[in-house]
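Engineer: Below are the chains, spelled out letter by letter.
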Amino acid sequence: MRNPPRILSIEDEATVRRSMMVYLSDSGYEVLEAENGRIGLERILTDQPDLILCDLRMPEVDGLKVLDEVKRLMPDTPFIVVSGTGDMRDVIQALRLGAWDYLMKPIEDMGVLDHAVTRALQQARLIQQNQRYHEELVATNRRLQQSLQQLQEDETAARNIQFQLLPQHPWAVDDLVFDYFIRTSAFLSGDFLDYFRIDDSRLGLYVADVSGHGASSAFVTVLLKSTVSRLLNEYREFKIQTVLLPDRVLSLINDAIVERQFNKYLTMFYAVVDTAAGIVKYCNAGHFPYPIYHDGHAARFLEDRNLPVGLFDGSTYATKELAFQGPFTLTMFSDGVLEVLPSDLIPEKEALLLSRMNAGDPDVEMLVETLGLTQQDQVPDDITLLQLRKGG
Amino acid sequence: MDTGNVLYARQGNVVVLRFVGKLGFAESGSRSTTAALNAFLKQLFEAKDFENILLDLTEATSIDSTTLGLMAKITKFSMEHFGRKTMILSMNENIDRILESVGFDRVFVMVHEAASPCPDMIALPAANDSDREWISTVLTAHQELCRLNERNYATFKCLVEMLEKETAAAI
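So the protein sequences, as listed, match chains A and B.
Take the first sequence: its letters are residues 1 to 392, numbered as in the working numbering.
Take the second sequence: its letters are residues 1 to 171, numbered as in the working numbering.
If you're looking for bench data, these hints aren't it; they were derived computationally from the structure.
Treat the hints with caution; some may be incorrect.
What the hints assert, rightly or not - When the alpha-carbon atoms are kept at most 16 Å apart in a straight line, the in silico EDC-like pairs for lysine to aspartate or glutamate are as follows:
id : chain 1 : residue 1 : chain 2 : residue 2
1  : A       : K65       : A       : D90
2  : A       : K320      : A       : D274
3  : B       : K85       : A       : E108
4  : B       : K85       : A       : D109
5  : A       : K390      : A       : D175
6  : A       : K105      : A       : D87
Work the whole structure out from these sequences, hints included.
Structural biologist: This is how it looks when you write it as structure tokens:
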């Protein structure tokens, strides 16, 4: 709306038109005139008035036709009918068509005209304002929607990468079988695992739980995977021993994450199985619950406490060894599994987990079943099971 | 059942009130309609955010004196604040006779037109008057009628005096 507002009077009686125009002009409005409906319509299109005062009975194009056009072209422009007392039925018809008000000719008190015009402009301004707010709201909403979609696309990409990085399963190699189960709670998992052949007699494995979810957690898993494969290459090409030494691997990843300032950290269990020597070398960087080792007779936790990876500059780790002769299973969990166990106390949950493993040395599929890991609709945290089973 | 009802709509500067059916004091259910109309007018006159009231009586079948008094209040307010007479649409001869009998043809613009100016209307919000408020609504409505002309004064004098006494006794 212009300031001052622009008012168009469409009126074939010159004296009526002039008296209204003089009054409104004196009141500070910009005034335009049209002596009949046809010229009125032209001026409406060219001059876009903020308010229209219109007679009903006019030659050529009458007031109702003008109103009809205005409602079609600019429905929110106030339209006030100025009519003789003999045209009352037309006034009603005009109201039916959407006129904002009606004034009776002759207008004895110009204050009535002023009042009606002021009120109508006030209302029109409110309508415009509401429309603007509405449009702004719609635009903001659209922007939000777009960035949300962008985020979702990013997360989908990260998720795809993360899942592509997971190894095939089950994986039978020599007399070993690797298998796992991952159930994600959010769109993106913070849990990650991998296993791989190092050389003829040795295989490596790790399970990790990155703090938080989202794309940045997925990037940390990419970093894990690429670091370990670099170490593998260095071993195969240059016989650099790092990949065989759990404590060295963990401290190397620790330094990489601290250095890059990801503001992420992870708990991680890393192990190397030497089938020829019958030894498992392992190191646990804060991963909980502890892995469970089942030697064919009974299950027990492999307790090993170290700082998580990526929190402190220069954290050092120590490798432990476990000798085996016959068959065994090594089962690793992420802490998400604790959330679904039916108890409020961590020690009880641990005992429950151990008793499940003692009950017939279950494989991954049976564990998922007995722990009810697929039953709940939603889980509060990622749940991961990784199991290495040695036969023979 | 032909109980009275009042609907309203707002269009630009104009408030349209449509009276439907029997708006009679004696009719069952119309006390609440009259009370709702009275409460609505009170609010409207306080807000004063309109320029014109149009009374659509095309669907009214009868009107009692309390409703007439409220109508008088409406046109009086309109003339005082906006310099306009309220327009009444009516097609019913009985209604016309009643309106003429209380001299409304001089204080309203009467239009004989059957078609409603507003197709979409909504019911007035319900109001629950206490007995005392109800008496005062009836009293002021009739005082308003009495002020219009001598004949009304003669017709409603007794009722007004009686209600005034009752109101005074209640206080």
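Engineer: Name the hints, by number, that the structure is in violation of.
Structural biologist: Those not satisfied: there are none.
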